[in-house]
Amino acid sequence: MTPDSLANTNLETGTVGTVTVPDPVFSCRDVNVYYGDKHAIKHVNIDIARKQVLAMIGPSGCGKSTFLRCLNRMNDTIPNARVTGAITLDGKDIHEKRQDVVQLRARVGMVFQKPNPFPKSIYENVAYGPRIHGLAADRGELDDIVNSSLRRAGLWEEVKDRLNQPGTSLSGGQQQRLCIARTIAVNPEVILMDEPCSALDPIATAKIEDLIDELRESYAICIVTHSMQQAARVSQRTAYFHLGDLVEVGETNKIFTNPRAKLTEDYITGRFG
Amino acid sequence: MNSTTETVTPKYVPPTAAQTQAKVSAGLARRYRAEARFRAYGLGATLLGILFVVFLFGSVFWRGFSIFGQHQVRLDVFYDAEVIDPAGTRERDTLLAADYQALVRASLKARFPEVEGRREVRELVGLVSSGAAGQLQARVVANPALIGQREAVWVLTSSDVDWLLKGKVSRNAPESERRLSDDQLRWLDTLIRADQVERRFNKTFFENGDSRDPELAGVGGALAGSLLTLFVTLLLSFPVGVAAAVYLEEFARQSRTTDLIEVNINNLAAVPSIVFGLLGLSMFIGLFGMPRSAPLVGGFVLTLLTLPTIIIASRAALKAVPPSIREAALGMGASRLQMVAHHVLPLAMPGMLTGAIIGMARALGETAPLLMIGMVAFIVDIPNGFSDPSTVLPVQVFLWSDSPERAFVERTSGAIIVLLLFLIVMNATAVVLRNRFEKRW
Numbered sequence: 209m210t211p212d213s214l215a216n217t218n219l220e221t222g223t224v225g226t227v228t229v230p231d232p233v234f235s236c237r238d239v240n241v242y243y244g245d246k247h248a249i250k251h252v253n254i255d256i257a258r259k260q261v262l263a264m265i266g267p268s269g270c271g272k273s274t275f276l277r278c279l280n281r282m283n284d285t286i287p288n289a290r291v292t293g294a295i296t297l298d299g300k301d302i303h304e305k306r307q308d309v310v311q312l313r314a315r316v317g318m319v320f321q322k323p324n325p326f327p328k329s330i331y332e333n334v335a336y337g338p339r340i341h342g343l344a345a346d347r348g349e350l351d352d353i354v355n356s357s358l359r360r361a362g363l364w365e366e367v368k369d370r371l372n373q374p375g376t377s378l379s380g381g382q383q384q385r386l387c388i389a390r391t392i393a394v395n396p397e398v399i400l401m402d403e404p405c406s407a408l409d410p411i412a413t414a415k416i417e418d419l420i421d422e423l424r425e426s427y428a429i430c431i432v433t434h435s436m437q438q439a440a441r442v443s444q445r446t447a448y449f450h451l452g453d454l455v456e457v458g459e460t461n462k463i464f465t466n467p468r469a470k471l472t473e474d475y476i477t478g479r480f481g
Numbered sequence: 035m036n037s038t039t040e041t042v043t044p045k046y047v048p049p050t051a052a053q054t055q056a057k058v059s060a061g062l063a064r065r066y067r068a069e070a071r072f073r074a075y076g077l078g079a080t081l082l083g084i085l086f087v088v089f090l091f092g093s094v095f096w097r098g099f100s101i102f103g104q105h106q107v108r109l110d111v112f113y114d115a116e117v118i119d120p121a122g123t124r125e126r127d128t129l130l131a132a133d134y135q136a137l138v139r140a141s142l143k144a145r146f147p148e149v150e151g152r153r154e155v156r157e158l159v160g161l162v163s164s165g166a167a168g169q170l171q172a173r174v175v176a177n178p179a180l181i182g183q184r185e186a187v188w189v190l191t192s193s194d195v196d197w198l199l200k201g202k203v204s205r206n207a208p209e210s211e212r213r214l215s216d217d218q219l220r221w222l223d224t225l226i227r228a229d230q231v232e233r234r235f236n237k238t239f240f241e242n243g244d245s246r247d248p249e250l251a252g253v254g255g256a257l258a259g260s261l262l263t264l265f266v267t268l269l270l271s272f273p274v275g276v277a278a279a280v281y282l283e284e285f286a287r288q289s290r291t292t293d294l295i296e297v298n299i300n301n302l303a304a305v306p307s308i309v310f311g312l313l314g315l316s317m318f319i320g321l322f323g324m325p326r327s328a329p330l331v332g333g334f335v336l337t338l339l340t341l342p343t344i345i346i347a348s349r350a351a352l353k354a355v356p357p358s359i360r361e362a363a364l365g366m367g368a369s370r371l372q373m374v375a376h377h378v379l380p381l382a383m384p385g386m387l388t389g390a391i392i393g394m395a396r397a398l399g400e401t402a403p404l405l406m407i408g409m410v411a412f413i414v415d416i417p418n419g420f421s422d423p424s425t426v427l428p429v430q431v432f433l434w435s436d437s438p439e440r441a442f443v444e445r446t447s448g449a450i451i452v453l454l455l456f457l458i459v460m461n462a463t464a465v466v467l468r469n470r471f472e473k474r475w
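Residue numbers (my numbering), protein chains in the order written: chain A, 209 to 481; chain B, 35 to 475.
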């Protein structure tokens, strides 16, 4: 299957729009997820581009978070979940026997819906990843990693005087930025974000969105969001999921101004969801 | 059409606000009465519980508190070289074997020269504990230079004298109903008037092992036995229990087998403790040939007993760790073991420690299984190791409560006080540990 043949519509699954991109970081083909008997994700084909933000939108229970969790194999932790199909990261199948899940998760970082810093100090939160993966040769290098990660997450100025205080003492927005700092400390290729702003107030949300925009210059970012405004603001590409189907993929401005699928149009015009 | 619908389904007229209010008010009094009644029941139950606790502690302390003091009598002892070491060798064996009871007798006879006749002398010597001879022996062996010297020594009174002086029995009863004769009372009064009798802190009770003589019996041996047994129990049951809980909760896949294991662990927690004693008897002693009455075997048996408690408490503690912490760790690329060791265990540890200490407290109070493995024996020596014969505090309470001598009543309550203090210290430790290590997230 050449990229051209997939260019407009994918007959097999009925996804509208361009699912492929040149030189993708992730490439997913015919991905299915089952929770026991429930078919949660149905024949999804999509590529994820480097240095770009892909937003996944859709009504609750449409499977967007489930799909996101396939990308770093977090679904492995759910006892009766089963994933089929091919997901390749830089051309290598992540479900291959030789693929180590620990290594995969070092390359594909994740930020969760609810800020979940470890109940340890701010410093230890950021230093944890480099520590377990052995990224720093000595304390000085570790300090540098922590420092630069906090700076890139835009948190340094706020926490530089209290690195030894618990991460849980920060405000919700700061905690979420701490989680982002923690994720970029291991220098991943892709950052997955599962509704990262749903527990935050508008000001904290704006900060995270600015941060995402900056991080896009270094990382591929996949963000699941319930807010269509947010998807429109931060993403370059948007994927619309509906009941486990990937209905439409396309450039964000096109999806929001001129959706081609009826379901997408209904959703973004607020007819349901 | 209208008329038919109206007859079939009578039209519902919403009540006015005033009507609704009237209905609500009508029920209010009944609701408040029910609430007041419920509170009264709750208060009653609580008060009843407190009453029982007060009664328990009150009766134990009332009977047992006097154990902390014991009456002693001052004797002027002459360490007669003729009695102790006529040959003058000063050898340890000779000093150990000498007849120190004769020195006690001589000292008392010197104090009361008018006493004559075998029966009177025996009564006179009966004022003093038979442990007095041992006390003199210990002094002489430690310092042979005392031989030939004169010294004032405080020795224990017999339990009958102690009992009388503590006011537990009346001296006005007819002589035939008293443990002490009129003569003995007269001699005792003479000694008291001469300030030769004093109530002192009862070190013996904490230092000695068991004895047939109540005034010499102490909880030292049982306390040491309990500590040794609990040490073995803690050393085995905590790591094993935590490891089992971590495996079942974090690593094992949910399956029929794990369900079965879970059900059986819960069942194990409900097995009567004496059954564990029988198991220990046939397995550790019968099959493996381990020593009887030993804290080691006691610890093994109590480990079986506390394991289910610790596993259940530890699993509950692990379940209480929020899944977001696990996801955060796994999402960072931590392996399962790293996730558990770095994040889940530290958060679950306070709960696990609490469970372990509750299990230990139960083990400390266990009597029945230890009877089965021979820890109920009469043991005078204080155990020095894990294979020495010994007994434990609750078994000591059981043994003394069975003894006919009146003074053992006081000893029984005293041992219960020590046991309760031990338990309170353990529970306080649990609270301190929990507050200290508990982290908020």
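Some hints could be false.
[What the hints assert, rightly or not] Only pairs whose alpha carbons sit at most 25 Å apart, straight line, appear in this in silico SDA-like list of lysine to any residue:
1. A/328 x B/293
2. B/45 x B/63
3. A/415 x A/327
4. A/328 x B/356
5. A/305 x B/287
6. A/246 x B/293
7. A/328 x B/159
8. A/415 x A/373
These are computed hints drawn from the structure, not numbers from a lab. As the structure is a computational prediction, the values presented were derived from the model and not from experiment.
Each hint, compared with the structure:
| no. | hint | verdict |
| --- | --- | --- |
| 1 | A/328 x B/293 | violated (34 Å) |
| 2 | B/45 x B/63 | violated (32 Å) |
| 3 | A/415 x A/327 | holds (23 Å) |
| 4 | A/328 x B/356 | holds (15 Å) |
| 5 | A/305 x B/287 | holds (20 Å) |
| 6 | A/246 x B/293 | holds (24 Å) |
| 7 | A/328 x B/159 | violated (71 Å) |
| 8 | A/415 x A/373 | holds (22 Å) |
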